[in-house]
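Undergrad: Protein chains in written order, with our numbering: chain G, 1 to 134; chain Z, 1 to 134; chain A, 1 to 90; chain H, 1 to 90.
Don't read these hints as lab results, they were simulated from the structure. Where a beta carbon is used, it is the ideal one built from N, C-alpha and C, also for glycine. Don't take every hint at face value.
Straight-line alpha carbon distances no greater than 25 Å define the calculated PhoX-like cross-link-like pairs of lysine-lysine that follow [as the list claims (entries may be wrong)]: (1) Lys108(G) <-> Lys27(H); (2) Lys108(Z) <-> Lys122(G); (3) Lys27(H) <-> Lys38(H); (4) Lys122(G) <-> Lys53(H); (5) Lys53(A) <-> Lys108(Z); (6) Lys108(G) <-> Lys108(Z); (7) Lys49(A) <-> Lys38(A); (8) Lys108(Z) <-> Lys38(A).
A few chain Z residues that face chain A, going by a derived Cβ cut-off under 10 Å, partial list only [claimed, not checked]: (9) Ile5; (10) Tyr58; (11) Arg64; (12) Thr65; (13) Val125; (14) Pro126.
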Amino acid sequence: MSVAIHIVDGPLQDATNYGAQNSLAQTATNIGATLVFEGVVRALEGARHIRALEYEAYEPMASRTLAGLAQDILATHGLISITVEHSRGQVSVGERSFRLSVQSTHRKEALAATDEFITRMKCDVPIWKSPVYS
Amino acid sequence: MSVAIHIVDGPLQDATNYGAQNSLAQTATNIGATLVFEGVVRALEGARHIRALEYEAYEPMASRTLAGLAQDILATHGLISITVEHSRGQVSVGERSFRLSVQSTHRKEALAATDEFITRMKCDVPIWKSPVYS
Amino acid sequence: MGTHCYTSIVIVRVLIFGELARELSCKEIAVDVVSTAKVRDVNFALAAKFPAKSQLFQTARLAVNHAFTSPDSPINSSDEVALIELVGGG
Amino acid sequence: MGTHCYTSIVIVRVLIFGELARELSCKEIAVDVVSTAKVRDVNFALAAKFPAKSQLFQTARLAVNHAFTSPDSPINSSDEVALIELVGGG
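With the hints as extra help, turn the sequences into a complete structure.
TA: Have a look at this one:
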């Protein structure tokens, strides 16, 4: 069981280690499901077109809260691993600002954990976003 | 809106185009969420250790049923795109036999669509799996 | 001056897969049905041929020419029939 | 022979972020509270300072030293206080 949190400056790059290919999976043979959710900046914020979103993270509380939430979700849903990546600073339309990667034995807990993680993150984690207009 | 179905011989390789990086995302600026679910072969099938699973697809019905299901899920949940990859033949423990990639405007429909797709796939799509013991 | 009933018989081949195919050691079951048979008559003929699996065969979904069909659909010997049950892809 | 009440006053600085910081054109609000104050007194002091945002400030969650705390927790001038409201990461 493992938890990893990364706050990254600017947009997220491609994930290098997905699901079954990563080092954990090579030893954990009870992984039956991997789920990768990515949040992408959309062109419309409400009714207005934006160029980017600016993310402001209150550190170290943001990382700590993400880690606490991830630990709690890992335990509650019986996951094998959970990795969280979140941008701070400017992320343009079409770029990714958030990635949640989950490994579990079955699909149900991966889906339920993802849903609960994002809902609670939006409520509790001190990361604010502001629109950047063209 | 797009649907793609791939039946692949053997285990799935790494996805080359994930989420916001693919060509569709460069034009579709209303993508706010991408979700990639992968099914991985586990070491235990029931109580017995296995070496691999052997997947048998009844074609062209398997591809047709997957395409019909994907179209239906795309429309019902208002997705932007859905891509399905499924193995046939032998897939070893730790390797991937299934990948569902979804793009949507919000996270909720991506999660709901993934859950419904897999539930219905397991019921309706003529792909059988058999354990291969060591 | 009796009445003569002519009912021609057709042979329908039903493809089977997965565990069921291994258990019965075959990939295809041939059953006889009347030429006016519906899909559900194929189910009944399968059940009659394998009494130990009567329950499974009576309720199993049959695909005709690669699509699920109603039990009321007509069936011909040239149709490709497949038993789609116990699937579990993914 | 009257009674003398000595109540010392401390200054608590509250960090604010996002839309609220832009709206108020500041990143930090200083409020005076008594030295025996609890977290909820900081809420009340914020609400008194910005009557137009009274509702928000009275109910806003305050983090003390990077953790959410109870409204009953004590507060000191050396504490780092942050208003964690209207977040929406992801």
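Undergrad: Would you mind marking each hint as holding or not holding in the structure?
TA: Structure-based check of each hint:
1. Distance check on the hinted pair: Lys108(G) and Lys27(H) sit about 42 Å apart at the alpha-carbon level, beyond 25 Å; violated.
2. Distance check on the hinted pair: Lys108(Z) and Lys122(G) sit about 13 Å apart at the alpha-carbon level, within 25 Å; holds.
3. Pair hint Lys27(H) plus Lys38(H) holds up; C-alpha atoms about 22 Å apart against a cutoff of 25 Å.
4. With a C-alpha separation of about 22 Å, the suggested pairing of Lys122(G) with Lys53(H) holds against the 25 Å cut-off.
5. Simply put, Lys53(A) and Lys108(Z) have alpha-carbon atoms about 43 Å apart, too far for the 25 Å limit, and the pair is violated.
6. For the given pair, Lys108(G) sits about 15 Å from Lys108(Z) by alpha-carbon distance, which is consistent with the 25 Å threshold.
7. In summary, the hint linking Lys49(A) to Lys38(A) is supported, as the alpha carbons are separated by about 17 Å, within the 25 Å threshold.
8. Straight-line distance between C-alpha atoms of Lys108(Z) and Lys38(A) comes to about 43 Å, which puts the hinted pair past the 25 Å bound.
9. Because the smallest distance between the Cβ of Ile5(Z) and any Cβ of chain A comes to about 12 Å, over 10 Å, the interface hint for this residue is violated.
10. Here the hint on Tyr58(Z) is kept, as its CB sits about 6 Å from the closest CB of chain A, short of 10 Å.
11. Taking 10 Å as the C-beta contact cut-off toward chain A, the hint placing Arg64(Z) at the interface holds, the least distance being around 6 Å.
12. Interface hint status for Thr65(Z): upheld, as the beta-carbon distance to the closest one in chain A is roughly 8 Å, under 10 Å.
13. With a least beta-carbon distance of about 5 Å to chain A, the hint placing Val125(Z) at the interface is held under the 10 Å criterion.
14. Because the smallest distance between the Cβ of Pro126(Z) and any Cβ of chain A comes to about 5 Å, under 10 Å, the interface hint for this residue holds.
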